[in-house]
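Peer 1: Sequence:
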Amino acid sequence: MPATPDEPEDLLTRLQGMAPPASSSGPADLLAALNSGPTPKRKAADDEEELDETVTGFRARAKREQERYLAATDSEYWCAPCFWTAQAHAAFVAALPVPAVDSRWIDGLELAAALDIPVDPEQAEPEEPEEVDVLAALQALAPTSSGMSSEDLLAQLQADALPDPLAGIEYTGNLAVDSLAELTTLAAALRAADERCERGRLVTDSPFWVVLWFPLRAHKDAFLKAINMLAFGDKYIDGHRLADVLDIELPAAPPADTEGR
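Using our numbering, you'd call the opening residue of the sequence shown number 446 and step up by one each time.
Read the hints as simulated data drawn from the structure, not as lab findings.
Be careful, since some hints might not be right.
To be verified - Mimicking DSBU-like on lysine-lysine, the simulated pairs with C-alpha atoms at most 30 Å apart in a straight line are:
no., residue 1, residue 2
1, LYS508, LYS680
2, LYS508, LYS670
3, LYS670, LYS680
What the hints assert, rightly or not - Each pair of labels, with its calculated beta carbon distance range:
no., residue 1, residue 2, range
4, ALA676, ALA507, 30 to 36 Å
5, ALA507, ILE672, 30 to 36 Å
6, GLN601, PHE503, 51 to 57 Å
7, ALA535, ILE672, 18 to 24 Å
8, GLU596, LEU560, 54 to 60 Å
9, VAL546, GLY613, 40 to 46 Å
10, GLY613, LYS508, 57 to 63 Å
Every residue gets a Cβ at the ideal spot worked out from N, C-alpha and C, and that includes glycine.
From just these sequences and the hints, can you work out the full model?
Peer 2: Put into structure tokens, the structure is as follows:
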């Protein structure tokens, strides 16, 4: 189709005429824009450096959050030394250089500071877990004078259960009456068990105990590790052995009950 007198024959001129009047781009501007390359990118080294700083920051924050979570949810921040008799319990509490609230609750950090025992949480997490002979640790809970051999201990662990104290209850069908009868029977059975023998097989079965509490599990583990008690338990421990370590003299333990459970 031939061009009319009002239309230019050059295609580039026709395209430029189709552009908005406000546009001031000429042929040179269009060619420069087409020939220009993409916007220069940042150096890879700068990106890696910024990424490393970001990752390091997130990792540090995640570690702090994990530590806060463990501190808030971990209940293993205490240990309970147990004693054979009430006299031994009282003697231990009286000999401590720090007060025991209600003769029961002892601030572990105050005790460690008073006895100059280092409590460093960083030292409470060894690179490899220590291997502990569970049988030997349990056997060590009893004094050597009790004659507790490994065979005796295994027999004790495999002993038949005591008779069910609730077997003789005559139930009436009334929840309140039957519950009271069960509680009364259980209380009588527990009191009879305490009166039947002077001492059980293990000191951790004793009702005479104190609690050492710490801010974190790591402080408790560091305390027990510093006095070489961690291998013998980290919750219920032999108070007589702890007294020996702390140079606290206690009354002699009663003879072992060879028939007690």
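Peer 1: Determine for every hint whether it applies to the structure shown.
Peer 2: Evaluated hints:
no.	hint	result
1	LYS508 x LYS680	holds (27 Å)
2	LYS508 x LYS670	holds (25 Å)
3	LYS670 x LYS680	holds (13 Å)
4	ALA676 x ALA507: 30 to 36 Å	holds (33 Å)
5	ALA507 x ILE672: 30 to 36 Å	holds (34 Å)
6	GLN601 x PHE503: 51 to 57 Å	holds (53 Å)
7	ALA535 x ILE672: 18 to 24 Å	holds (22 Å)
8	GLU596 x LEU560: 54 to 60 Å	violated (38 Å)
9	VAL546 x GLY613: 40 to 46 Å	holds (41 Å)
10	GLY613 x LYS508: 57 to 63 Å	holds (59 Å)
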